[in-house]
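Asks: Fit chain L to the given chain S structure using the hints.
Protein chains: 2
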Amino acid sequence: MNYPGGIKKQTKHEVSYSNRGMSLEADINETNLYYRNNDIAIIYKKPTPITVSRVDYHSRIDAVIREAYYKTPSTTDYNGIYKGRYIDFEAKETRYKTRFPLSNIHSHQIKHLEDIRRHGGIGFLIVRFSTLNLTYLLDGSKLQAFLTNTNRKSIPVSFFEKEGFLIKEKYTPRLDYLSVLDEIYFKGEAL
Amino acid sequence: MNYPGGIKKQTKHEVSYSNRGMSLEADINETNLYYRNNDIAIIYKKPTPITVSRVDYHSRIDAVIREAYYKTPSTTDYNGIYKGRYIDFEAKETRYKTRFPLSNIHSHQIKHLEDIRRHGGIGFLIVRFSTLNLTYLLDGSKLQAFLTNTNRKSIPVSFFEKEGFLIKEKYTPRLDYLSVLDEIYFKGEAL
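Each protein sequence line maps, in turn, to chains S and L.
What the first sequence shows, in this note's numbering, is residues 1 to 191, in sequence order.
What the second sequence shows, in this note's numbering, is residues 1 to 191, in sequence order.
Please keep in mind that the hints were generated in silico from the structure rather than gathered at the bench.
Wrong hints could be hidden among the right ones.
If you only want the chain S side, here are some residues facing chain L, beta carbon under 7 Å, derived [claimed, not checked]: (1) Pro49; (2) Ile65; (3) Tyr86.
Negatives, chain L to chain S, calculated, CB over 10 Å [unchecked claim]: (4) Tyr69; (5) Asn79; (6) Leu102; (7) Ile105; (8) Lys170; (9) Thr172.
Quick reminder that beta carbons are idealized off the backbone N, C-alpha and C, glycines included.
Next up, chain S with everything else stripped away, as it sits in the complex (with noise of 0.2 Å):
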């Protein structure tokens, strides 16, 4: 920071993981990979679902796609195994301070955590206010019971204060929002 004058404040120089530009996909791409590298959990990201409309090869080796569209997903973007159980949830980032607008979620992917619930496997969502720097999951219970008693067309962060929890950025793994399901799902149990 340059001061009129020449002054150069020093300023105390802060780790802050959040600031080096990855994005909560990246994030939990590379925290899953630790968590499968160490055979923690086998938790992975679906492909983006894409409509292929027109297609060059030769051999199925050299296919290249040249009219493709993107689709709505139907599900969340993550799902696996962890502990025997069935794990599966959606990731978002706002910039917004105050809110979640809920239009970054599809009704289906909302429907599909109920369903995923229903069915006893674990679904919950991980919002990341990027402005604030704060990751939080919210558990899909949680989220129901938001939308049940609501008719808001966001959730404040207030709510993912008191209802969530502050997901800790940490060099390895980087997101281990796997620690926060033993806190709600698995406390007690032998490790």
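Replies: Leaving out everything else, chain L in the frame of chain S:
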């Protein structure tokens, strides 16, 4: 069928659902839709993984992918939840009558099925011998035993007959593979 002299042979009309030209993938997708609509299980096919190289767009809505390539999948094609358990499988068709070549499955897909089983999930293969009109479910434990005990490059159909389960084709659901899992994993449980 036209015989010499214009005689038409009356053939008995046999209902063979396998012969209606539906691929195994179409059968499984239809079955999964039935399971979801009847709230029996929540199982989806994952989208085909594609690397997008070039996109034309004015806005996010009208994006057209102009250059993209098929990627090798990291995992199996299908996963979801049934009776609280994590379900994961790969489905393959072969025209061979006596064996299923293991080259049809990527080695990391086999590893993935092992990972899933180690973490408490249910992993298996569905293999259709399309020329024989027979579709088998082979549990991951049997696949693993086969791979451990032999160096063969294909699984003989006799192994499927002995260690697998024949999935009967019906009108609806087309391919009731969950009834096989009931037999293997949920026997004696209240339905």
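Asks: Does each hint fit the structure? Answer for all of them.
Replies: Verification of the supplied hints:
no.: 1; hint: Pro49; result: holds, 4 Å
no.: 2; hint: Ile65; result: holds, 4 Å
no.: 3; hint: Tyr86; result: holds, 4 Å
no.: 4; hint: Tyr69; result: violated, 7 Å
no.: 5; hint: Asn79; result: violated, 6 Å
no.: 6; hint: Leu102; result: holds, 18 Å
no.: 7; hint: Ile105; result: holds, 16 Å
no.: 8; hint: Lys170; result: holds, 23 Å
no.: 9; hint: Thr172; result: holds, 20 Å
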